[in-house]
Structure formats: C-alpha cells, structure tokens
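Using the hints provided, position chain L relative to the given structure of chain W.
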Amino acid sequence: MTSSIGLWLKSALTHIASRMAYRGEYFISLISMFVLELVGPIFTYIIYYNSPGFAGWTFYQVLLLQGIFLTVKGFSFMSFLGIIWNSNITLQRGEFDLTLIKPRNPLFMFICQSFDAEDTAKFVGGVLLSLFAIFHIPAINWTGLLIGLVAMMLGVGFFFSMALFFSSFIFRFIRSMRVYDVLEIIAMIGNYPKSIYPKLAGTLFTAMLPIFIVAAIPAKAILGEVTIDILISGISVIVLVALALYTWFSTIKKYSSAGG
Amino acid sequence: MNHFEIIKAYWKESVAYRFEFLVSVLIVPVRFFILVMIWSAVYYNSGSDSIQGYSLSSMVTYFLISSLVFTFVHDTVAEELENEIKKGNFLVFLLKPISYIKLGFLKKIANRSFAVVVEIVPIVILFIIFFRKYFIMGELGFFAISIIFAFVISYLIYLLIGMIAFWLINIRSLAWLISFGIQLSAGLFVPIDLFPSVIRGIFNVLPFQYIAFVPTSIYLGKYGWDLSSGFVSSVYFPLLIQISWIVGLFALTLFVWNKAKKRFSGVGA
Numbered sequence: 000m001t002s003s004i005g006l007w008l009k010s011a012l013t014h015i016a017s018r019m020a021y022r023g024e025y026f027i028s029l030i031s032m033f034v035l036e037l038v039g040p041i042f043t044y045i046i047y048y049n050s051p052g053f054a055g056w057t058f059y060q061v062l063l064l065q066g067i068f069l070t071v072k073g074f075s076f077m078s079f080l081g082i083i084w085n086s087n088i089t090l091q092r093g094e095f096d097l098t099l100i101k102p103r104n105p106l107f108m109f110i111c112q113s114f115d116a117e118d119t120a121k122f123v124g125g126v127l128l129s130l131f132a133i134f135h136i137p138a139i140n141w142t143g144l145l146i147g148l149v150a151m152m153l154g155v156g157f158f159f160s161m162a163l164f165f166s167s168f169i170f171r172f173i174r175s176m177r178v179y180d181v182l183e184i185i186a187m188i189g190n191y192p193k194s195i196y197p198k199l200a201g202t203l204f205t206a207m208l209p210i211f212i213v214a215a216i217p218a219k220a221i222l223g224e225v226t227i228d229i230l231i232s233g234i235s236v237i238v239l240v241a242l243a244l245y246t247w248f249s250t251i252k253k254y255s256s257a258g259g
Numbered sequence: 000m001n002h003f004e005i006i007k008a009y010w011k012e013s014v015a016y017r018f019e020f021l022v023s024v025l026i027v028p029v030r031f032f033i034l035v036m037i038w039s040a041v042y043y044n045s046g047s048d049s050i051q052g053y054s055l056s057s058m059v060t061y062f063l064i065s066s067l068v069f070t071f072v073h074d075t076v077a078e079e080l081e082n083e084i085k086k087g088n089f090l091v092f093l094l095k096p097i098s099y100i101k102l103g104f105l106k107k108i109a110n111r112s113f114a115v116v117v118e119i120v121p122i123v124i125l126f127i128i129f130f131r132k133y134f135i136m137g138e139l140g141f142f143a144i145s146i147i148f149a150f151v152i153s154y155l156i157y158l159l160i161g162m163i164a165f166w167l168i169n170i171r172s173l174a175w176l177i178s179f180g181i182q183l184s185a186g187l188f189v190p191i192d193l194f195p196s197v198i199r200g201i202f203n204v205l206p207f208q209y210i211a212f213v214p215t216s217i218y219l220g221k222y223g224w225d226l227s228s229g230f231v232s233s234v235y236f237p238l239l240i241q242i243s244w245i246v247g248l249f250a251l252t253l254f255v256w257n258k259a260k261k262r263f264s265g266v267g268a
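Residue numbers (numbering that gives the first Met the number 0), protein chains in the order written: chain W, 0 to 259; chain L, 0 to 268.
It should be emphasised that the hints constitute simulated quantities derived from the structure, not laboratory data. A portion of the hints provided could be inaccurate.
[Said to hold, decoys possible] One side only, chain L facing chain W, incomplete, derived with CB under 8 Å: (1) Val22; (2) Arg30; (3) Ala40; (4) Val41; (5) Gln51; (6) Leu55; (7) Leu173; (8) Phe188; (9) Pro195; (10) Ser196.
[What the hints assert, rightly or not] Between beta-carbon pairs, the in silico distance windows are: (11) Gln91/W / Val24/L: 20 to 30 Å; (12) Leu8/W / Met136/L: 53 to 63 Å; (13) Leu130/W / Ser49/L: 35 to 45 Å; (14) His135/W / Leu25/L: 36 to 46 Å; (15) Ala138/W / Ser54/L: 42 to 52 Å; (16) Ser228/L / Ala138/W: 13 to 23 Å; (17) Glu4/L / Gln91/W: 53 to 63 Å; (18) Tyr21/W / Val91/L: 23 to 33 Å; (19) Ser196/L / Leu35/W: 19 to 29 Å; (20) Lys9/W / Lys86/L: 31 to 41 Å.
Ideal Cβ placement from N, Cα and C applies to all residues, glycine included.
Here chain W stands alone, though its shape is the one from the complex (with noise of 0.2 Å):
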C-alpha cells in the first residue's frame, strides 16, 4: 500500500515536472482551467443578482456546493479521469501492452500514467472556492462536516465509476472524445441543489445514477441536515465501483493491440 502511494505519487510529480518545462504555458494551461469552471459560479451569482435564487438556498450555499463539486471534480479529474483520454490514445496507438507488461496491476499504472498536471487547479479552485463560501456562512455544522467529507470521498467513488466505464466502452466499442460531454452533463446536474429537479429526477440521481452525492448531499450535511440520502447513494457507489472493475478488467482481457 505504502509502496503504491509512493509510486503515485512519483508519477504525479513527474508529470507536474515535465509540465514545468514550458511552465508559462502551464501556468496559463492553469488559470484557464480554473476559469473554465467559473461558468456555474458565475451563473448562480447573475440568478441571484437578478432574482431570490433558489428556495431553500443562499447565495453562498449554492456556491458552497458548486465549490464542493469542483473539489471532488477537480480531484478525481487529476488522479484517475485521465484514463478516459489515455485509453484514447493508447487504442489508437495500440500501445496498452505496455502497461500490461509492468510488474503491477495495470488499472494501478494506467491510473499513475494517466495523472493530469493541469487539473490540480480544478481541485484546489475547488478547495478555494468551498473556503470562500464557508466563511460566508454563518453557521457550519462541524459533525455534518465529518459527514459530508465521507460524503465527497463516495463522490470521489462515483466519479471513478464513471472513468471505469468510459475507459471500457472506449476499448470496447468505439474511440470517441465526446465522452468528456457526458461528464459535462453530470457536472451540469451535479452544480445545483436537489430541490429543483422533480421527484423521478431527483431519485434517479440519489438512487441509481448518484450524481448528487459528489456536491448536494455533502453540502446538505455540512449545512446541518444530514438524510438517509447519503445511506442510499453511498450503497449505490459501491455496486457501481464493484460493476465497474468488473467491467474493465473483463474488457482489457479482449485487448488486441492492434491499434488503428
């Protein structure tokens, strides 16, 4: 285990290392990575610049629970969502049997091969972004932050289901970047409170496809309401973890190197 958080973290500084190399274009591959996330920031504060925004919600705690979102986006974007892109160009290369020679397991070194230099921004816009919002929010829940921290690691969890399954379909069936526009409808659904979505919608998204667990019910518990909605998505993250790994390692076992 220890091993394997060291050769992590290695690889995670390789990249950041190679990517120092043009560092004026990585400091600006930085900043526009964190600015293209504004768009959700930007337009809660227009709805409630021009209106009393959602019911039930400030301000702040909308914005409390966008920065979450891209916390928990920004983290899993930099460790392990590369993978989407990698198996791209890897199939296209046909250059997988690469990984599968090394002496480790082959999601391990295609997740430490896939680690994204320019998304930390993401995460820690994110983490700034939550700080922001929470000292503007007079009164936190410490308990319900302990909760809705755990909440944000099954978020974490959800998101590595999701790179699972991109990564498979793309071995699988077809090479396709479009992807990267489901995540983006996640991310869309994901930056808004639960209330506004319509009861099947809302279940949907709790229940079986648990997009709310990476931001709304982690902001929900930090706010101080904790419900059995972190019970029910939290089950539902890990069948879909299990499900996931079953998947990808049932599809690279069909792996034919050929390229194309």
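Frame of chain W, contents of chain L only:
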C-alpha cells in the same frame, strides 16, 4: 479547383466525424432539461413572470437560439492554425494558389453547413418535441442576416486568436481562456442584459455580443422593425454595427496577417 469543389472536399472530411455530431444531438435535450429545471425553480421562487424582461419561455428560447447560433458560428481555425505553425506545416499553405484566410473560411462554410444538417436541425426538432411549450417562434428574416454577419465576425476573431501562434507558438491554453471570455461576453452562458451595468458597459465596447447575443435578441424581437422609435432602437442599428465590426476586424486581420507571415520560419516547435 473552384470554391464549391473546396467546400465539397471539406464536407466529405466532416462526414467522417458524423458520430461526434450525433452524440451532441443526443446530449442537447438533457442539457435543455437541466436548464428548464434551473430556470423554472428560479421563476417559481421569484413569484414573478418576468426577470429583466424575460419570461420563462423567452429565457429558455434564448438559450436554445443562442446555443444554435454559437453552434453555427463555431470555429476551430485558431487551433488548426496553431497546429500548422507548431508543426511547421504552414509552409504548405504559403505555396497554395489560394490564401489561408480564404481557405479557412471555405472550410468553415463546409463544416458548419454540415453541422446545420446533422446537428442544428435535429436539435430544433428534438426541442420542439420535448419543450414545445417553452418555444417562441421569433423573427427569422433579420435574424438570418444577423447570423451570417455573426459567422464572419466569429471567423475573423478566431483567426486573429490563431495568429498569436506566430509569436507564441503554443497558444492552446491561452486560446481556451480567450474563448471562455468570448463565450461569456457573447451571452452564451447568460443573456448579457442580466449582468451588472458595469460589466455590460465593458461587453458593449467589444465585438463578441454580435456573435450570439445580438442575433438572439433580434430573433426574440427585442429590436423594432420600423424607425418610429429611433434608428438606435431599430433592428438596422445592430446590423450596421455588425457590418462595421466585419470591416474593422477584416482590416485588422490583413494587417496582423502581413506582419505574422514574416515571423514564420517553417521550423516548427
């Protein structure tokens, strides 16, 4: 090879990416569903039928039309030019009997006319099927003229962005950042008349609102057809401003292009 043959060749190139277009057609209804949910919640909580002159229907129609306009004028010339410069392949274009500026424009015509068939038309049909009650049929005549002008303005702006690569070589991240600013001030994320007046004042001196916000406002009938309430409030005024921006940006493009070509060494990076 005449211009139509060039467009036909690029059209065939676009067909190779039909799956990519189709995915976006499937995703768009979901995106609109979310937008409708968000704005419905906002209007419901506000207890009002109108926010800054927009009813819920006109707000949802605004997002449909502005995103369709942006899909129509969407441009990849900046990243393509950057690639050619980075790889040193731009040299090939200097040898061709047709200028890169003209070739890029013909490519855009081919690519976007393909997008109209496989992306824009299906999206409109899906929108009318699923969100008919929010759809407002607007003014089409002046809107059509306006989006043609928007098409040219967008091309010239993205070409100018691409030309930065003659100086900086690697401009991908910078182009993303500028593109975000363009989309924001073009009113793609939110109608720009909802922004605070200071920000609106900044957007008003930039050409970007003429890419999406102004054509969409023309569609929604925010400008009068006749001159009874003055020329500035009529639809002719924004069209005249669009023409002015085309002339200005074209002159700037030619000026920068002549300077930029002299910097190209053909070595690549």
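Against the structure, the hints:
no.	hint	in the structure
1	Val22	holds, 4 Å
2	Arg30	holds, 6 Å
3	Ala40	holds, 4 Å
4	Val41	holds, 5 Å
5	Gln51	holds, 6 Å
6	Leu55	violated, 12 Å
7	Leu173	holds, 5 Å
8	Phe188	holds, 6 Å
9	Pro195	holds, 7 Å
10	Ser196	violated, 11 Å
11	Gln91/W / Val24/L: 20 to 30 Å	holds, 25 Å
12	Leu8/W / Met136/L: 53 to 63 Å	holds, 58 Å
13	Leu130/W / Ser49/L: 35 to 45 Å	holds, 36 Å
14	His135/W / Leu25/L: 36 to 46 Å	holds, 39 Å
15	Ala138/W / Ser54/L: 42 to 52 Å	violated, 36 Å
16	Ser228/L / Ala138/W: 13 to 23 Å	violated, 51 Å
17	Glu4/L / Gln91/W: 53 to 63 Å	violated, 31 Å
18	Tyr21/W / Val91/L: 23 to 33 Å	holds, 26 Å
19	Ser196/L / Leu35/W: 19 to 29 Å	holds, 26 Å
20	Lys9/W / Lys86/L: 31 to 41 Å	holds, 32 Å
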